[in-house]
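A.B. asks: Listed here are the chains, written in short residue letters.
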Amino acid sequence: MTMPCETVQEMLTPLLDQELGQEERVAMEAHLASCSLCQEERTHIMEVTKATGEAFRGLLVQAPPYPETMLNASLAEKPIWKRALPVKSLLAAAAVILAIVTIVFTPRHEKPLSAAELLQKATRALAAHDDAEIQVTFKTPFFNALLGDPKEKPDIPRYRILVTRNNQLLIVPLGDRREQDATSGYDGKTFWQYDPTANAVTLTSGKKLAETESARTKDGGLVAKDGSFNPRMLLEFLSWDRFTRLDEDFDWREIRTGIDGRRIFESKVVPTDPEHPDVLMKNALVTLTLAIDPQEGLVESVHIVYRYFGADVLAMEFDLLALDRHPAPEVFSYATHAPKDAKVVHESGESDDTDEKK
Amino acid sequence: MVTTSRLNPKARLEVQRLWPQVWGLAAAITGDRHAAEDLAQDAILKLLSTKSAIDFDRPLRPLLLTIVRRLALDHAAGRPRKALPLIEGDPEAPENSPDEFARRRERKKLLWEALEDLPPVWRAVLWLRDGLGDSYAQIAEILEITTDVVRTTLHRARRRLRAKLEAQMEDLS
Numbered sequence: 001m002t003m004p005c006e007t008v009q010e011m012l013t014p015l016l017d018q019e020l021g022q023e024e025r026v027a028m029e030a031h032l033a034s035c036s037l038c039q040e041e042r043t044h045i046m047e048v049t050k051a052t053g054e055a056f057r058g059l060l061v062q063a064p065p066y067p068e069t070m071l072n073a074s075l076a077e078k079p080i081w082k083r084a085l086p087v088k089s090l091l092a093a094a095a096v097i098l099a100i101v102t103i104v105f106t107p108r109h110e111k112p113l114s115a116a117e118l119l120q121k122a123t124r125a126l127a128a129h130d131d132a133e134i135q136v137t138f139k140t141p142f143f144n145a146l147l148g149d150p151k152e153k154p155d156i157p158r159y160r161i162l163v164t165r166n167n168q169l170l171i172v173p174l175g176d177r178r179e180q181d182a183t184s185g186y187d188g189k190t191f192w193q194y195d196p197t198a199n200a201v202t203l204t205s206g207k208k209l210a211e212t213e214s215a216r217t218k219d220g221g222l223v224a225k226d227g228s229f230n231p232r233m234l235l236e237f238l239s240w241d242r243f244t245r246l247d248e249d250f251d252w253r254e255i256r257t258g259i260d261g262r263r264i265f266e267s268k269v270v271p272t273d274p275e276h277p278d279v280l281m282k283n284a285l286v287t288l289t290l291a292i293d294p295q296e297g298l299v300e301s302v303h304i305v306y307r308y309f310g311a312d313v314l315a316m317e318f319d320l321l322a323l324d325r326h327p328a329p330e331v332f333s334y335a336t337h338a339p340k341d342a343k344v345v346h347e348s349g350e351s352d353d354t355d356e357k358k
Numbered sequence: 001m002v003t004t005s006r007l008n009p010k011a012r013l014e015v016q017r018l019w020p021q022v023w024g025l026a027a028a029i030t031g032d033r034h035a036a037e038d039l040a041q042d043a044i045l046k047l048l049s050t051k052s053a054i055d056f057d058r059p060l061r062p063l064l065l066t067i068v069r070r071l072a073l074d075h076a077a078g079r080p081r082k083a084l085p086l087i088e089g090d091p092e093a094p095e096n097s098p099d100e101f102a103r104r105r106e107r108k109k110l111l112w113e114a115l116e117d118l119p120p121v122w123r124a125v126l127w128l129r130d131g132l133g134d135s136y137a138q139i140a141e142i143l144e145i146t147t148d149v150v151r152t153t154l155h156r157a158r159r160r161l162r163a164k165l166e167a168q169m170e171d172l173s
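Chains as they are written, first to last, in this note's numbering: chain A, 1 to 358; chain B, 1 to 173.
Note that these hints are calculated values from the structure, not bench results. One or more hints might be untrue.
What the hints assert, rightly or not - Here are the simulated BS3-like pairs of lysine-lysine, each with C-alpha atoms no more than 25 Å apart in a straight line:
| no. | chain 1 | residue 1 | chain 2 | residue 2 |
| --- | --- | --- | --- | --- |
| 1 | A | Lys189 | A | Lys343 |
| 2 | B | Lys164 | A | Lys139 |
| 3 | A | Lys50 | B | Lys46 |
As the list claims (entries may be wrong) - Not the full set, but computed from the structure, chain B residues with beta-carbon under 7 Å of chain A:
| no. | residue |
| --- | --- |
| 4 | Trp19 |
| 5 | Leu111 |
| 6 | Trp122 |
| 7 | Leu126 |
| 8 | Trp127 |
| 9 | Leu154 |
Backbone N, C-alpha and C fix where the C-beta goes; we use that ideal spot for every residue, glycine too.
Build the full structure now, drawing on both the sequences and the hints.
C.D. replies: As C-alpha cells, then:
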C-alpha cells in the first residue's frame, strides 16, 4: 500500500536519523523514489539538520576547561586548615605548592580583557579597516504599524549599508522594499537618492548639505524643520567616524557573555529634545547594546531601541557582514543604481534644474 | 563523600570527558555561556555529593545529562528568555571571497535567530540529536520522555526551523 505524503513527511525525521525499522524504511524509500514533493521536503529537512549539527558541534569545541580544581575544592570533606599535616608529607606538600605556583603563573588561558580594554580593542579593530558592509534591520512592530496597515504582514525593513573611511555611503533596500524604497548614496561630494516609484534621482550637493547643517531639526534629526528629508543627519549618523568612536560616545556597562563567547555591553541614554538641546526628554530612553567578539575585537552587532512613554517605538539592529571590500568608486554613484531614463533633480542651492540623467 | 580526584580513575576520566557535553546541554537550554558553566558544575557536584550510592561502573552519561537538564530547565523557567548568540563559533576571517564571508555570516545569524525562538526543551532535543548524535532512546532517557515524543519534537523543531529560515531568506532575496 502506498503511504500518503503527509505520513511520509512526518516520518522523514526518523528516516534521516536512521530510527525506522526495515519495513517502514523500505516503504518510505519506495514512496520517495516516485514523489518529487517528498524528495524536496527530505532535502530541506536534511539541510536544516546539517546546519543545526554544524552550529552545535561548533559550540561543543568551545566548552570551557574542565574545572577540576574548583570541583575538588567544593567537595573537600574538611577545610584544608583543619587537616593534620603528617610530617612525612612535608616534602610532598612542598612539591604540591611548587606545582600550584607553576600552574598559577603559567598562562594556560589568556586572561580575559577588562571591559574598558575590550572596548578600546574594538575601536582599534574598526579603525584598522577601510570599509564595512552592514545590514540594518528594523524590528519594531509599533513602528511598522505607524508606517502601514497593522493587519498586513509585519513589515521588517532591511537595508544593506556600505560605508568607507572616506565617508562614502551606499544604502540599498532589501526584499520587497526594492521596488518602492529609495536607494541612497554619498560619493564624497554629493548625496543622492533614487526613488523607484517616481523613477527620479535627487541630488544634494555639498553646499546644500552644509546649509542643512545649521538647520534646526525635529523627529530625531532625519527630517528638517521645514518637513524635508535631512541627508546631512543621515550621513552623520552613519559616518565611519561614528562607528570608530563607539567607546567614547557612550557609558558602556558589560551585561553578560553570550553562549559563543561574545561579550555584550549596554548603554542607556536619555536623549535631549532636538528643539531644545539643553532639555532632556524624560519620557524617552535610548538603549544601545553592543556584541563584541573578544578574539578579533570586532563589534559584530549594535542594537538600538528608542523607548517613548514606555513603548518601544523604534528598534534597529546593525549587523557587521564584511570588512575591507574596497569597492570601486562607481559603487557610490547614482549612475550605477538608477536606470538611464531616470529623471535627475538637483537640489544644489545653485540651480534647481531638472534634466535627464546622462 | 567523594571528590573527583578520589573517584576511581575510570569514572574521573569519564566525568572529565563528559564535561563539554554537559556544559553544551546547559548552554543550549539557557542560551547563557556563563550560567551554563555554573549549571554544569552544579550538576557534577550534585552527582558526586549524593548520599545514595552511585554505581560508578554504570554509564554516568545519562545520569549526569539528566541532572544538568533538570537544573538548566529550572534556571531557564525562572528567567526572562535570553537571546542566543546570532553567530556560532569563532567568526572566520574573511577568506577568499568577501561575498562568501558575508553569506556565511548571514546564514549563521539567521539560524541562531530561528533557534532562539524554539522552546528550551526543543533546543535540548536538537542539541542531543544533531550536536551529540544521540539515539532517540538515549534522548528519551535523558529528558525523561518517550521516544515518540522525541520523534515528534524533532519533527516539529526542524519544520519550524525550516519555515523560519525560508521566510528570512525570502526577506533577503
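A.B. asks: Each hint needs a verdict: does it hold in this structure or not?
C.D. replies: Evaluation of the provided hints:
no.	hint	verdict
1	A:Lys189 x A:Lys343	holds, 20 Å
2	B:Lys164 x A:Lys139	holds, 16 Å
3	A:Lys50 x B:Lys46	violated, 34 Å
4	Trp19	holds, 4 Å
5	Leu111	holds, 5 Å
6	Trp122	violated, 11 Å
7	Leu126	holds, 5 Å
8	Trp127	holds, 6 Å
9	Leu154	holds, 5 Å
The earlier numbered hints that this structure contradicts are 3 and 6.
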